[in-house]
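Chains A and B are the protein sequences, given in the same order.
Quick note, the first sequence lines up with residues 16 to 479 if you use the numbering used here.
Quick note, the second sequence lines up with residues 5 to 452 if you use the numbering used here.
Accuracy of the hints is not assured; some may be wrong.
[Said to hold, decoys possible] For the chain A half of the interface with chain B, some residues (derived, Cβ under 8 Å), not all of them:
#1 LYS342
#2 ARG369
#3 ASP370
#4 LEU371
#5 TYR374
#6 ARG416
#7 ASN419
#8 ALA443
[Stated by the list, open to error] Distance condition first, Cα-Cα at most 25 Å in a straight line; then the derived SDA-like pairs of lysine to any residue:
#9 B:LYS225 <-> A:VAL408
#10 A:LYS342 <-> B:GLU56
#11 B:LYS261 <-> B:LYS327
#12 B:LYS225 <-> A:LYS342
#13 A:LYS433 <-> B:LEU231
#14 B:LYS140 <-> A:LYS342
#15 A:LYS263 <-> B:SER220
#16 B:LYS140 <-> A:LEU146
#17 A:LYS267 <-> B:LEU313
In case anyone wonders, no lab produced these hints; they're calculated from the structure.
From the three backbone atoms N, C-alpha and C, an ideal C-beta is built for every residue, glycine too.
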Amino acid sequence: MNAILPPLAGPARVRHVIKGQVIEGDSLEYGREPNRFTTPVLDVGALVWPRPTPTPAADVPVDEIIDVLVATGDVLKRDASGVLAQAMERSVAAGFYPRDLVETSFAHLGHMFSRASMEFMIAQEIGGKDLLDGWREVTAPSGRSARVRAFPCRLLHVIAGNSPGVAANTVIRGALTKGAHLLKLPSNELFSAPAILAALSEAAPGHPVARSFSAAYWRGGDEAVEGLLFRPQYFDKIVAWGGESTIKGALKYVGPGLELVAFDPKTSISLIGREAFASEAALEAAAEAGAHDATIMNQEACTASRFQFIEGSIEQIDRYCERLQAKLGQARRSASAEPRPIARSLRDEIDGLRDLEDYYRVWGGYEGRGLVIRSDEAVDFYPEGKVVNVVAVERLEDALRHVNVATQTVGVYPPQRKAALRDLLASAGAQRIVSLGAATPEVGLPHDGFYPLHRFVRWVNDEG
Amino acid sequence: MSVRSELVDAAVHEDVFDRSYPDLEARQLEAARELFAERREQIPVLRRRAAESGVDEIRSLDDLVPLLFAHTSYKSYPASFVEQGRWDRLLQWMQTLSTQTVTDVDVEGVTDVDDWMDRLRAAGHMVLATSGSSGKVSFLNHTRGDSANKQRHYRRMSGWPYVKADNSRVVFLTSPSKGPNSAIEAAVNSAAVWARPGEAHFLTDEPLRLADISASAALNKRMAEGLATPGEIAVARVQAQVRAERMSAALDDFVEKLLAHRHEPIVVSALWAQHMAIIDRAKALGVEDGGFHPDSLVSAGGGLKGVSLPDDYKERVDRFYGKVIRNNAYGMTEMAQTCPKCQCGRYHRPPGLIWLLLDRDGERLLTADDGEDGVVEGRFAFLDLLYEGRWGGLISGDKVTIDFKDCPCGRAGPTILDTISRYAQAGESDHIGCAGTIDAYIRGAVAP
Numbered sequence: 016m017n018a019i020l021p022p023l024a025g026p027a028r029v030r031h032v033i034k035g036q037v038i039e040g041d042s043l044e045y046g047r048e049p050n051r052f053t054t055p056v057l058d059v060g061a062l063v064w065p066r067p068t069p070t071p072a073a074d075v076p077v078d079e080i081i082d083v084l085v086a087t088g089d090v091l092k093r094d095a096s097g098v099l100a101q102a103m104e105r106s107v108a109a110g111f112y113p114r115d116l117v118e119t120s121f122a123h124l125g126h127m128f129s130r131a132s133m134e135f136m137i138a139q140e141i142g143g144k145d146l147l148d149g150w151r152e153v154t155a156p157s158g159r160s161a162r163v164r165a166f167p168c169r170l171l172h173v174i175a176g177n178s179p180g181v182a183a184n185t186v187i188r189g190a191l192t193k194g195a196h197l198l199k200l201p202s203n204e205l206f207s208a209p210a211i212l213a214a215l216s217e218a219a220p221g222h223p224v225a226r227s228f229s230a231a232y233w234r235g236g237d238e239a240v241e242g243l244l245f246r247p248q249y250f251d252k253i254v255a256w257g258g259e260s261t262i263k264g265a266l267k268y269v270g271p272g273l274e275l276v277a278f279d280p281k282t283s284i285s286l287i288g289r290e291a292f293a294s295e296a297a298l299e300a301a302a303e304a305g306a307h308d309a310t311i312m313n314q315e316a317c318t319a320s321r322f323q324f325i326e327g328s329i330e331q332i333d334r335y336c337e338r339l340q341a342k343l344g345q346a347r348r349s350a351s352a353e354p355r356p357i358a359r360s361l362r363d364e365i366d367g368l369r370d371l372e373d374y375y376r377v378w379g380g381y382e383g384r385g386l387v388i389r390s391d392e393a394v395d396f397y398p399e400g401k402v403v404n405v406v407a408v409e410r411l412e413d414a415l416r417h418v419n420v421a422t423q424t425v426g427v428y429p430p431q432r433k434a435a436l437r438d439l440l441a442s443a444g445a446q447r448i449v450s451l452g453a454a455t456p457e458v459g460l461p462h463d464g465f466y467p468l469h470r471f472v473r474w475v476n477d478e479g
Numbered sequence: 005m006s007v008r009s010e011l012v013d014a015a016v017h018e019d020v021f022d023r024s025y026p027d028l029e030a031r032q033l034e035a036a037r038e039l040f041a042e043r044r045e046q047i048p049v050l051r052r053r054a055a056e057s058g059v060d061e062i063r064s065l066d067d068l069v070p071l072l073f074a075h076t077s078y079k080s081y082p083a084s085f086v087e088q089g090r091w092d093r094l095l096q097w098m099q100t101l102s103t104q105t106v107t108d109v110d111v112e113g114v115t116d117v118d119d120w121m122d123r124l125r126a127a128g129h130m131v132l133a134t135s136g137s138s139g140k141v142s143f144l145n146h147t148r149g150d151s152a153n154k155q156r157h158y159r160r161m162s163g164w165p166y167v168k169a170d171n172s173r174v175v176f177l178t179s180p181s182k183g184p185n186s187a188i189e190a191a192v193n194s195a196a197v198w199a200r201p202g203e204a205h206f207l208t209d210e211p212l213r214l215a216d217i218s219a220s221a222a223l224n225k226r227m228a229e230g231l232a233t234p235g236e237i238a239v240a241r242v243q244a245q246v247r248a249e250r251m252s253a254a255l256d257d258f259v260e261k262l263l264a265h266r267h268e269p270i271v272v273s274a275l276w277a278q279h280m281a282i283i284d285r286a287k288a289l290g291v292e293d294g295g296f297h298p299d300s301l302v303s304a305g306g307g308l309k310g311v312s313l314p315d316d317y318k319e320r321v322d323r324f325y326g327k328v329i330r331n332n333a334y335g336m337t338e339m340a341q342t343c344p345k346c347q348c349g350r351y352h353r354p355p356g357l358i359w360l361l362l363d364r365d366g367e368r369l370l371t372a373d374d375g376e377d378g379v380v381e382g383r384f385a386f387l388d389l390l391y392e393g394r395w396g397g398l399i400s401g402d403k404v405t406i407d408f409k410d411c412p413c414g415r416a417g418p419t420i421l422d423t424i425s426r427y428a429q430a431g432e433s434d435h436i437g438c439a440g441t442i443d444a445y446i447r448g449a450v451a452p
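With the hints as extra help, turn the sequences into a complete structure.
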């Protein structure tokens, strides 16, 4: 990524992509300093794919699509045009993450377009390429014959901006399922999706897969736009990521014929057994794994651990906390070492605990190098910005009352403890149990309790 | 006498806003310097904040900025202290924000949070609580003297600049008459300064109980933990329903009394939604718009969170009361001294209240030069010099516009324009992330 870049003066120019065509323009202005940005005029009519015609890629064999995506990944890795590098600079300038984390995230994008993972996704989530490419013959116990196909849909994606990987994953999933896809850009990551789609068009100009994607920004919740677009005449499903307001906003339009696929807000936790204190090495390993899981995308990810429940004496737990705090500020693949000061509201909450030393102990300051609060009850606030609440428990099972349907990933140390805990955790609502240190998500496995590809299609049958 | 008490006491003068206070800014700064030096020794959280930000003396108003507390500071105690009845721990937390010793209050045998507040109040700590919509209440300590001074201040500000509070009227207040909440305190103060003996009418004498709020918070928590049964939710709904019916009957009586006195100068204070309910009942009784005595004082306020009102609710309320005096003031739970509104619709600053206009992020102090022609928009913060019981410095979530020039009404000094709104919370726009909690969904599930 060393192309020559134009200077970043004035408001950032956000590109739109309409059915594979990159659209430039700065007719509309949004945001406030220093995150002002402009977009081209929004042509709402151009954002839909009329119903009577099948979606552009409906009859393209999935193997060809995989080839196009692999080629897109190569374009992203090479980035000869500098489009991705420019998007990265824009993301750096927008300031949501420190530069090193943006760089590693963008550098990883091309590698997400891996043939092996796409083959795995289709096998796991759909159950075979034949279901995407045509009609699979089955016979019901009654003797009736039927043909089933994972049929392409029209999807409107309200994507999350806390990682550029969300846009890449959306493009991969959307392409593999052959539907038509409109991506609504989030204001905290305006640049990655258009850059990825530009790479797709560069890899396969005018290809039906390229023509299957559009990406545009409008203010989330803008009824003038959403009231027109969020209709079953144009889209089968709204795929909404993120916060309460996004999901609620989408829900307003959901009804017969328009389904919601929600990657709704999630929190992740860790469970650390007393085995962590068996040796110095075990403590080191647990603290390292705990720090890894707590700092995924600088703890902006839903997979990032925020509460760590731990068995042990107070003296032991304090040793864990001390080590954990020292490791939270380190640079990792998915975490930056550059400190970002903790939000003022959180600081006010933590200040309230510092003087209750009999019940709480705090390691670390507010500069963003990592802060750990040890307590015997989970804190009331939501830890962010490399803040971890380590909660002392008698037994790991005591943490179950903090687990609900919003608990996404539960990291367990040592891994042998998982088998005894996983059914209890799943019953309480948790969706993913991993060995501590392995909270970074994988594709081709369920996410938020479902297989995304499976829900990106409509399952259609032809019977008799 | 200290500069600080001189400025606070200025509110006793009837012409407080018409007098000139030469060097008011310099004297406010002097008072802030004096107050900080004293409070830093008394309040642990302030001491820590000062140490962390490196402020050891107030040399300019900028030095106050890192020392401002957020409203969340006053509810930064762990909720488990209340849920599990750890009243001594709650006192220890309260101590970190108080000037006086509270840890020696006897909490032996305390049964619930209202009981705990009663014990504190009995010991002279006039703790106020907010009934926050999040279910977690704030506790703000102040002294008996603070309470008395607030009432003294209120007597001067209420009715300004039109009429003087002189205990001559029949007063209607749509709040409970008892309870440790600042809205109730304000209503009680209103009754104290306006009502003639026996003529203060509250919506109800049923005290506001924090335990009821805590109970709903506890139920939400049990929901989140997967422990609440559908039966518990049903009971909570029925209780809410019963209470709503009781309040509805109380409102009928209240409106009947109010209408009976509408041809004499009265005082009415209610939230917008309550005014609308009053109008509905009056209309049902065949009472037309505009029959109120022109010297009546009618105030309306309150946010509309979760309440749906017709678009023209303000006009409807205006029409219903007709030509009356509409006094208003800008204030908040954490602020003892309110800012009353003049004939030009602008809020004026009492001498004992230091206004701090900050940038959106609350980090930089703005001055007249930050806007055009001395009109500047920013985040409202303040240091209230009145408090003896706690630190009076706070940063709010309010977006205000201050005109640093003199007011068109002719009075000197800066004014806040009548355009106050809230800053959106971070993430409320379309900054979308997949990390978050679903507390709000769970609360939504419990709410009737």
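Item to check | Status of the LEU371 (chain A) interface restraint (C-beta, 8 Å, chain B) | outcome: Holds. Min distance 6 Å.
Pair hint LYS263 (chain A) and SER220 (chain B), alpha-carbon separation not exceeding 25 Å = Holds, because 23 Å separates the two Cα atoms, which is no more than 25 Å.
> Going straight from one Cα to the other, do LYS433 (chain A) and LEU231 (chain B) come out at no more than 25 Å?
Replying inline: holds (23 Å)
field: Proposed interface contact between ARG416 (chain A) and chain B, which counts if any beta carbon pair is under 8 Å
entry: Hint holds; ARG416 (chain A) Cβ to chain B Cβ min 4 Å, cut 8 Å.
Exercise. Measure nothing beyond the straight line between the CA atoms of LYS267 (chain A) and LEU313 (chain B); if it is 25 Å or shorter, mark the hint as holding.
Key: The given pair, whose Cα atoms are some 20 Å apart, holds under the 25 Å limit.
Discussion item. Hint ASN419 (chain A) vs chain B: min CB-CB distance below 8 Å?
Written reply: holds (6 Å)
inquiry  = For a C-alpha distance cap of 25 Å, please report whether LYS140 (chain B) and LEU146 (chain A) respect it.
reply    = Roughly 52 Å separates the two Cα atoms, so the pair is violated.
Return the status of the interface hint for TYR374 (chain A): holds when the least beta-carbon distance to chain B is below 8 Å, violated otherwise. For TYR374 (chain A), the interface hint holds, since the closest Cβ of chain B sits about 7 Å away, which is under 8 Å.
**Asked** Would the stated hint for ASP370 (chain A) survive a check requiring a Cβ distance to chain B of less than 8 Å?
**Response** holds (4 Å)
Quiz item: Was the hint right that ARG369 (chain A) lines chain B, CB cutoff 8 Å?
Solution: Interface hint status for ARG369 (chain A): holds (7 Å vs cutoff 8 Å).
*Given pair status - LYS342 (chain A), LYS225 (chain B), alpha carbons within 25 Å*: violated (32 Å)
Between LYS342 (chain A) and GLU56 (chain B), does the CA-CA distance stay at or below 25 Å?
holds (23 Å)
Of the numbered hints stated above, those contradicted by the structure are hints 1, 12, 14 and 16, listed in ascending order.
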